[in-house]
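Novice: So you can see what is in the structure, the chains are spelled out below.
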Amino acid sequence: MIRVVLQTAPIDLGAEIDLHDAGGHGASASFIGRVRGDDDLVELFLEHHPAMTEAGLGELAHAAADRWKLGALTLIHRVGAMQPGETIVLVLASSRHRAEALAACEFLIDRLKTDVMLWKRETFADGRVAWVEERAGDRDRAGRWAQHP
Amino acid sequence: MRLELAYFAWVRERMGAAGEAVDLPPAVADIAALLDWLAARDERGAQAFAEPHRIRAAIDGAMTGPDAKLAGAREVALFPPVTGG
Numbered sequence: 001m002i003r004v005v006l007q008t009a010p011i012d013l014g015a016e017i018d019l020h021d022a023g024g025h026g027a028s029a030s031f032i033g034r035v036r037g038d039d040d041l042v043e044l045f046l047e048h049h050p051a052m053t054e055a056g057l058g059e060l061a062h063a064a065a066d067r068w069k070l071g072a073l074t075l076i077h078r079v080g081a082m083q084p085g086e087t088i089v090l091v092l093a094s095s096r097h098r099a100e101a102l103a104a105c106e107f108l109i110d111r112l113k114t115d116v117m118l119w120k121r122e123t124f125a126d127g128r129v130a131w132v133e134e135r136a137g138d139r140d141r142a143g144r145w146a147q148h149p
Numbered sequence: 001m002r003l004e005l006a007y008f009a010w011v012r013e014r015m016g017a018a019g020e021a022v023d024l025p026p027a028v029a030d031i032a033a034l035l036d037w038l039a040a041r042d043e044r045g046a047q048a049f050a051e052p053h054r055i056r057a058a059i060d061g062a063m064t065g066p067d068a069k070l071a072g073a074r075e076v077a078l079f080p081p082v083t084g085g
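Listed in order, the protein sequences are those of chains F and E. Each residue of the first sequence is one higher than the one before, starting from 1 at the first, in this note's numbering. Each residue of the second sequence is one higher than the one before, starting from 1 at the first, in this note's numbering.
Treat the hints with caution; some may be incorrect.
The following label-pair restraints were derived from C-beta to C-beta distances [as the list claims (entries may be wrong)]:
#: 1; chain 1: E; residue 1: 63; chain 2: F; residue 2: 8; range: 37 to 43 angstroms
#: 2; chain 1: E; residue 1: 41; chain 2: F; residue 2: 97; range: 56 to 62 angstroms
#: 3; chain 1: E; residue 1: 65; chain 2: F; residue 2: 136; range: 46 to 52 angstroms
#: 4; chain 1: E; residue 1: 40; chain 2: F; residue 2: 51; range: 25 to 31 angstroms
#: 5; chain 1: E; residue 1: 20; chain 2: F; residue 2: 45; range: 36 to 42 angstroms
#: 6; chain 1: F; residue 1: 38; chain 2: E; residue 2: 74; range: 19 to 25 angstroms
#: 7; chain 1: F; residue 1: 12; chain 2: E; residue 2: 40; range: 45 to 51 angstroms
#: 8; chain 1: F; residue 1: 17; chain 2: E; residue 2: 13; range: 36 to 42 angstroms
#: 9; chain 1: E; residue 1: 23; chain 2: F; residue 2: 19; range: 45 to 51 angstroms
#: 10; chain 1: F; residue 1: 130; chain 2: E; residue 2: 41; range: 22 to 28 angstroms
#: 11; chain 1: F; residue 1: 134; chain 2: E; residue 2: 20; range: 23 to 29 angstroms
Please keep in mind that the hints were generated in silico from the structure rather than gathered at the bench. All C-beta atoms, glycine included, are put in the ideal place defined by N, C-alpha and C.
Input sequences plus hints: build the corresponding full structure.
Specialist: Encoded structure:
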């Protein structure tokens, strides 16, 4: 079962894990990305493309499902305004054994950072607003998956 | 050639709009030429597109490079490198 969601509402981690686990998998790997509260950040805003963002998430999920033998895959990304501590992204990948679940989970979060149309904007306590810059380290991590199929 | 442009993140902010319809001269045939044309058109364009290496593009929903041809395109999205996850 592949579940891909782009939503403005908070991500309900417990409900999503229960839904994902309904199949009773041997091994499940998860990644939870949250809004960091350092540097007096008061809001993180995620901008998205009305069609391409969700399509990009779906393409990524299917690429992972083609590459590894997965019993279930959940990929949920939040958009809009978020506060420190809130969940931005949830990746759950399950398989019979841990290697495939862990690899698929890492692939999804690495490629999500470079392939899907999402942009982060930070607002700080002093009123400063800044768009997050692309990180070279993210490009390098995402690139590894093309080099080592 | 008539084309719909869509802007995102700081490109949208610098252009002061989420998008616009433009009539391109025939010489503007690919993404790189489009960025040059927008940068030369007015002050907002210069602010948004003065550094074309910082801009990514998609034609009709598919990510493309600077050499991608505009012929047959309906909508071009212009945006900074993505930063989700």
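Novice: Next, verify each hint and record whether it holds.
Specialist: Each hint, compared with the structure:
1. Separated by about 24 angstroms at the C-beta atoms, residue 63 (chain E) and residue 8 (chain F) break the suggested range of 37 to 43 angstroms.
2. Roughly 57 angstroms separates the CB atoms of residue 41 (chain E) and residue 97 (chain F), a value that falls within the hinted 56 to 62 angstroms.
3. Between residue 65 (chain E) and residue 136 (chain F), the C-beta spacing of about 19 angstroms breaks the proposed range 46 to 52 angstroms.
4. Evaluation of the 25 to 31 angstroms hint for residue 40 (chain E) and residue 51 (chain F) yields a pass: the beta carbon distance comes to about 30 angstroms.
5. One distance hint, 36 to 42 angstroms for the beta-carbon pair residue 20 (chain E) and residue 45 (chain F), is violated here, with the actual separation near 23 angstroms.
6. Between residue 38 (chain F) and residue 74 (chain E), the C-beta spacing of about 43 angstroms breaks the proposed range 19 to 25 angstroms.
7. Range check, residue 12 (chain F) to residue 40 (chain E): Cβ separation about 49 angstroms, and the 45 to 51 angstroms hint holds.
8. At roughly 37 angstroms, the beta carbons of residue 17 (chain F) and residue 13 (chain E) sit within the given window of 36 to 42 angstroms.
9. At roughly 49 angstroms, the beta-carbon separation of residue 23 (chain E) and residue 19 (chain F) lies within the given 45 to 51 angstroms, and the hint holds.
10. About 27 angstroms separates the C-beta atoms of residue 130 (chain F) and residue 41 (chain E), a value consistent with the hinted range of 22 to 28 angstroms.
11. The supplied range of 23 to 29 angstroms is met by residue 134 (chain F) and residue 20 (chain E), whose beta-carbon atoms lie about 25 angstroms from each other.
Of the numbered hints stated above, those contradicted by the structure are hints 1, 3, 5, 6, listed in ascending order.
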